[in-house]
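Trainee: So the chains spell out like this:
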Amino acid sequence: MVLELQKPRPIWQIMFSTHHTDIGLLYMISSLAFLFMGGVLALVIRVEMFSPGAQFIADSMTYNRIFTVHGTNMIFLFILPFASGVGNYFVPIMVRYKDMAYPKLNAIAFWMIPPAAALIWLGFADFGWYAQPPYSAISAPSPAAEMWIFGLKILGVSSILGAINFIVTILKCKHPDLPLSKVPLLAWSFLSSSLIVLVAIPTFAAALLMLLTDRLGVTGFFNPAMGGDPIAYSHLFWFTFHPEVYVLVIPAIGMMYEIIPRFSRKPIFSHSSGMFAFILLSIVSFASWAHHMYATGMSFTEKTVFMVGTLAAVPASAMHVFNFLATMWGGRAKYSTPMMWAVGGIALFFSAGAGGVVNTAMPLDFITHDSYWVVGHFHLFVFGTIAFGSFGYLYYMFPYITGRMYNELWGKVHFVLIFIGAVLVFFTQHILGLYGMPRRIFDYPEIPEWIAMNQIQAVGAVLLGVGMTIFLVNLIYSSAKGKEANMDDPFGLGGKYYYPYQAKNPHHD
Amino acid sequence: MSGHSNWAEWVYIGVVVALLAWVGAEAWNIERLVEHVPEDAKVIKVTGQQWFWTFEHEDGTKESGELHVKKGIPYKFEITSRDVIHSFNIPEYLVLMDAVPGRINTVWFLPVDEGEFPIQCREYCGLIHYNMRGTLYVEDGA
Amino acid sequence: MKNIIGLFMVLSILVIFPTVQIVFAAGDEAGEYLDRRIEIWNLFFRMMTVAFVIGAVVSGTMVWLIWRFRESNPKAIPTKYEGTGELDR
Chain A
0 MVLELQKPRP IWQIMFSTHH TDIGLLYMIS SLAFLFMGGV LALVIRVEMF SPGAQFIADS
60 MTYNRIFTVH GTNMIFLFIL PFASGVGNYF VPIMVRYKDM AYPKLNAIAF WMIPPAAALI
120 WLGFADFGWY AQPPYSAISA PSPAAEMWIF GLKILGVSSI LGAINFIVTI LKCKHPDLPL
180 SKVPLLAWSF LSSSLIVLVA IPTFAAALLM LLTDRLGVTG FFNPAMGGDP IAYSHLFWFT
240 FHPEVYVLVI PAIGMMYEII PRFSRKPIFS HSSGMFAFIL LSIVSFASWA HHMYATGMSF
300 TEKTVFMVGT LAAVPASAMH VFNFLATMWG GRAKYSTPMM WAVGGIALFF SAGAGGVVNT
360 AMPLDFITHD SYWVVGHFHL FVFGTIAFGS FGYLYYMFPY ITGRMYNELW GKVHFVLIFI
420 GAVLVFFTQH ILGLYGMPRR IFDYPEIPEW IAMNQIQAVG AVLLGVGMTI FLVNLIYSSA
480 KGKEANMDDP FGLGGKYYYP YQAKNPHHD
Chain B
0 MSGHSNWAEW VYIGVVVALL AWVGAEAWNI ERLVEHVPED AKVIKVTGQQ WFWTFEHEDG
60 TKESGELHVK KGIPYKFEIT SRDVIHSFNI PEYLVLMDAV PGRINTVWFL PVDEGEFPIQ
120 CREYCGLIHY NMRGTLYVED GA
Chain C
0 MKNIIGLFMV LSILVIFPTV QIVFAAGDEA GEYLDRRIEI WNLFFRMMTV AFVIGAVVSG
60 TMVWLIWRFR ESNPKAIPTK YEGTGELDR
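Heads up: the sequence lines are chains A, B and C, in that order.
Under numbering that gives the first Met the number 0, read the first sequence as residues 0 to 508, first letter to last.
Under numbering that gives the first Met the number 0, read the second sequence as residues 0 to 141, first letter to last.
Under numbering that gives the first Met the number 0, read the third sequence as residues 0 to 88, first letter to last.
Don't read these hints as lab results, they were simulated from the structure.
Not one of these hints is a red herring.
Among chain C residues calculated to face chain A with C-beta under 7 Å, some are: (1) Phe43; (2) Pro77; (3) Thr78; (4) Tyr80.
These numbers were taken from a predicted model, which means no experiment stands behind them.
Just so it is clear, CB atoms sit at the ideal spot from N, CA and C, and this is done for glycine as well.
Please take these sequences and the hints and turn them into a complete structure.
Mentor: So this is what it looks like as structure tokens:
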């Protein structure tokens, strides 16, 4: 184990290390810190929206900044780095190699995150995580906007460096006796998401640069008065960020591929389906970006093309759901905390996907566009699927990393509170969207249905907050004082716990 | 690779693809119907700007924040913006179209019920986005 | 097995073509304009019906799987992979 709090290693040793387990740990711990910080912002938002009128946020500009930083933080400072952390820690183990392909580059990629995070949090921009011009070019205040732009530029580079590292490690550094078809699906998930990153991120890097020069007045890419078009930014942004949402979800699905077979005491139903589905999704994810832009004035033909592209990505996700259910069938499953998270995550993944199919039907966009339906939909993905998979995996890996067990009862309490809270908040948001409530609004008129649903959400949000606090305490307390785990089989599943190849951190025994 | 038969997976994928094809076909068809603008639709120019809506009827009448239309007559909105992207939305009539500076987007509708209906902005546009509202008044045509 | 797939494809095409043709024939004539609210909400509710039916099937299956194959079920038997080492890839 690498994180032994009772005999702590010198902190500088972890910080200057280039070993994949240390860097993985740095990614995971920092991303969890940002998760909690972003979660506080979310709680503030939901409590403020409890009823019409200002509750305790004085003005709309503060509110606008809060939702911008909440979104930016959760995607770029929690989900992506947490996945990178898991990947860094486990991919070398899974491909039976001693470290990542480029350990120093790995460290550099991690250390780009704290300065970028500082820029984002200290800037506290207000234009939503899309940074859509012309608002972000002509109306958003400085220096917040420039700090956000620079912060994201740095994070984009960090992502690309990490992606290169994963691809080379998996394809070139894997053990000669290990064929690619036998590489675990979690590693495949990092391979596919890294391939998407390499193709998709440069477009956003270009868009950011163009936005910056537009802000400086030097160019007019997105300024109609200078011959530009704000919708050009939308295309560049969504060409990156539609595939990027698959970059977010694919590692979480990979994590579920680790948990579900082991806790069902059976191998995955079809390893080849899993591989095929990941690769198919990586390719098809590039065909759907403008479904985010149906309301911008696209022609009927354009909308149809993107609707078909979006629908084409659904079978790949459906294959994963089938794979999970078919694995559970005929097993003998132990519902410890990790398994509860993984299975709950599949249920919410399915509902998120079903809502997505509704969104992509072109006429239904007139109902759902930029309303709370969309907010509910994507939160079912980022929270219901990605966070669920991530928490489950974190519990699963806890004994491996720390040598101790977390408290099982509180782990289950955490799950129940979060599941109920997530349903209360995110399912309600779908209905609220159908009633016409737009997103990104500080205040709303006194429509009784809107008020009622906002209040239900606030209750759900408090449940989420309580659950996450329990989680935080469980993590910290158990890392230091948890019962020592039986490292061969901490969950009592029978068979060896994890890959027979242990992580050998040179600084640690 | 996998030693066991997986005909069940193929059937499942067949069902999924069939369902998605149905969704696509239905959506395509309804969108085609909804986008067909009647030839005799009256044009109303809609301009969004931070943070209010203005309207101009065919006969030159201008309105700000309020829009008066007659029941039973189709109207076509030609929507643009003076500054940032807004989105013209009459939720109860499912009218929704972005107001983008530098272009004119079109959407049409038929006011069927008399009454007052809220107009709101559906694209984040800054400080008063949350209150960029208006009212649609549908009056009896006779 | 191939016959079933073939049958499925034929059936799905048979369902889709008539639907498309029937609605192609309909349309709005001068003097009668379609009410976009009705068309769009109608589509929404039809899709919601399908989504909830599928949701019931998927979640029902999941609940059954969780119940039937939990280790504390009296009918639970060890899987054929337990104890063989095959689980440890």
